[in-house]
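Following the hints, complete the assembly by docking chain B with the ligands onto the known chain A.
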Amino acid sequence: MALKSSPVLFGWLTRLSRRNFSTSKALAAKPVAVRDALNQAIDEEMEKDEKVFIMGEEVALYDGAYKVTRGLWKKYGDKRVIDTPITEAGFAGIAVGAAFAGLKPICEFMTFNFSMQAIDHVINSAAKTFYMSAGKVPVPVVFRGPNGAAAGVAAQHSQCFAAWYSHCPGLKVLMPYSSEDAKGLMKAAIRDPDPVVVLENEMLYGVPFPMSDEALSPDFVLPIGKAKIERPGDHITVVCAGKAIDTALEAATTLAGNHGIECEIINLRSIRPLDFQAIARSISKTHHLITVEQGWPQSGIGAEICARVMESSAFFELDAPAWRVTGADVPMPYATTLEAHALPRAQDVVAAATAVLGNKISAASSQ
Amino acid sequence: MALKTSAGFLRLKHLKQVVRLLSAHTRPETVINGGKPAEFPGAKAPYVTQMKFLNETSYDPIPIYRVMENNGEIIDSREEPNIENETLINMYNTMVQLNNMDKILYESQRQGRISFYMTNYCEEGIHVGSAAALSPRDLVFAQYREVGVFLYRGVTVTELVNQCYGNHEDPGKGRQMPVHYGSKQFNLVTISSPLATQMPQAVGAAYAFKRVPNNDRCVICFFGEGAASEGDAHAAFNFAATLDCPVIMFCRNNGYAISTPAIEQYRGDGIAARGPSLGIQTVRVDGTDLLAVYNAVSRAREYAVTNNKPVLIEAMSYRVGHHSTSDDSSAYRSLEEIKKWNTDESPVQKFKLYLEHKGLWDVESDKTWNKEARNIVIKTMQEAEKKKLPNWKEMLEDVYYDMPPRIQKQMQQMEEHLKKYPEHYPLDQYQSD
Ligand SMILES: Cc1ncc(C[n+]2csc(CCOP(=O)(O)OP(=O)(O)O)c2C)c(N)n1
Ligand SMILES: [Mg+2]
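As given, the protein sequences belong to chains A and B, one line each in that order.
Residue numbers for the first sequence follow my numbering, beginning at -4 and rising by one.
Residue numbers for the second sequence follow my numbering, beginning at 45 and rising by one.
Simulated from the structure, these hints should not be mistaken for lab results.
Source: prediction; values computed, not measured.
There's no promise every hint is true.
As the list claims (entries may be wrong) - Derived contacts from chain A toward chain B, CB cut-off under 8 Å, selection only:
no., residue
1, E53
2, L56
3, Y57
4, I81
5, A84
6, Q151
7, F311
8, A315
9, P328
Unchecked claim - Simulated crosslink set (DSSO-like; lysine-lysine; CA at most 27 Å straight-line):
no., chain 1, residue 1, chain 2, residue 2
10, A, K25, A, K43
11, A, K46, A, K74
12, B, K453, A, K355
13, B, K383, B, K415
14, A, K355, B, K464
15, A, K221, A, K25
Stated by the list, open to error - To spell it out: a stretch of chain A is covered by chain B in this simulated footprint if at least three of its residues, at any positions, have a beta carbon under 8 Å from a beta carbon of chain B; those stretches are:
no., segment
16, 108 to 120
17, 142 to 149
18, 244 to 257
Note that CB positions come from ideal geometry on N, CA and C, so glycine has one too.
Looking at chain A on its own, in the form it has when it is part of the complex (with noise of 0.2 Å):
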């Protein structure tokens, strides 16, 4: 199904009516939709470079499936926007060989649902053929679209990717959750030398975020690899990448202003490579550790985040053990209801902080 629900809008008027209260701070940046945001950074990256194409389902005339390609197509046309037959096993691998002999092709899955069909080229193609060519042929190729739950869209609809990607070598993958965050890592991930994946949200494809001038400008790139305070803190360290910084930073309010915690944020925007340095710091500081995300629990990010700190100095750090808010480990159920506590919320995380800053975890609750 072609997934362009209305809930978006309905989120979109929430956080617009919210967001204007909280960024008196960035009274002088220009709220920018995470979709305009990423339709920029595509923008100016074609303009600068004729090398740089898109290829999808629906890309073109209809403006992609979720309006993210909007007007590219009247501006550059046929050559370098690209409608495709649905087939992505097919269009994934004409990006990869076009990236073998030297384009830098943008591959758009209608979502990374459907991306499942094409994920040999993105595995054994993409992500390998830079070493199994003694680095004669990079890969300069980006895989990106919405990935992770929408609204009611069930089982088969509702999918966070980050884990299954992140598990290659040879990959980036990076998810982006505001629009700086959004423009700056997919220009990042355009110019790149290897493959990158870029899971973005459907839900915070219309939310509005302030961006400053040197956001805006055709300049702005981030680094791959670098997380970002998103909210500093000195009680409890807070992991987590794009759709679940929502979440964690709704639940900070609360901890704040209910139990005088203050959760420190961390957006990692770069899930592969993991930027730990900033995790590692941050516990030094709060010595108390929570990741949230999306997906499911097993061989998570979390979990990856987890293993690191036990095997690393940051371990000593912990004044208890960590703990991850995940999606439940069921396939998303289709009822509201059971879809939203099928995702992680902000009272879970509020109650996963107090927990783990009272040493509450029990053996029956961690499971």
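Relative to the frame of chain A, chain B with the ligands by itself:
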């Protein structure tokens, strides 16, 4: 290969063309290899001395089989299927029921009562024509725009509406988006969203049937011309042919895949042209002509079951509605373009006219049934809205065949919890044991 065109199945016609094609390759006087064809493991074919590339214009386009004119008159009386009057009326009634369901459920999505919907306009003849030609025991793999098949098989409007509403009577336990119907009882495999995955799966199911001694069942697999671009489609065709499976691969070519017109989806002569090239019996029919679809599927079924072999059917039609409730097709096509498919080329109208010619139907009966069909849906919808939501226990079921101990424990804890604090939960809204 010179294309053999035919109304039902491949009857050697266009003999002249065969000759023209061969003579273009070989000067008449030369004899090659003692006149014997080549015997490569991968090809048995005549040798020629003149090299010629073939393309889609080397062959006639595959013709489109029709039984009725647009005015409902039978073109060649030998092709009129012998269907009982009562069945004919039931077929028409199903199309009208489907139309009314589409209208009302589409509206109900617009009003926010359900989250998603997809209509079937102009493809009703495909659904009902094919369903009527099959045995109820044949297994159906649908894509998502085939609900008429479900209705004809005997799934009730109530069950379908309950699925869209995800209430406790939804046979799918409210787990899927609207229109992802399924019914084990009626041999309808639950619809799955990733495109074309049903195609190799259908072939696999047909393979399983084939292993049953004295098998008398076949599988039918519906797919769009857009889905046919997935690699799975090719895999399905090739396996159906090489494994000799009793499967009917049924393409609904409605001209669009969301906004992508068929002309951008593929080059060459459509989906049907792929059949003969892979060794599959193939026919192309007018999908707006219910009787043509009926004949094609009944003969395909007979052939598939008798010979354990696949058949490819390409039914041509047009997607009159938007792709889904998430789409606005005015962005990529004109209202003008749609018009004739709602009138002269409407499968419902054509079949109605046919029934009228036969004296089985008239304006009055049409009015009455339309009204009743509409009422059935409205009444069902009102009831569906009042029905309880699924039993909460179902949220913990069916991830694994045997419930893992961890989940069993959660179930038990939840039960105890609800017993202790029932006043904190809207339990009356949910079905109980
Ligand atoms: C693997 C995969 N890719 C993309 C989609 C999104 N999608 C849903 S329906 C559709 C169009 C299918 O068109 P077609 O097969 O012609 O069927 P029609 O809608 O015309 O009946 C697309 C692209 C999907 N569901 N699965
Ligand atoms: Mg189609």
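Tell me, which hint numbers fail for this structure? 7, 8, 18
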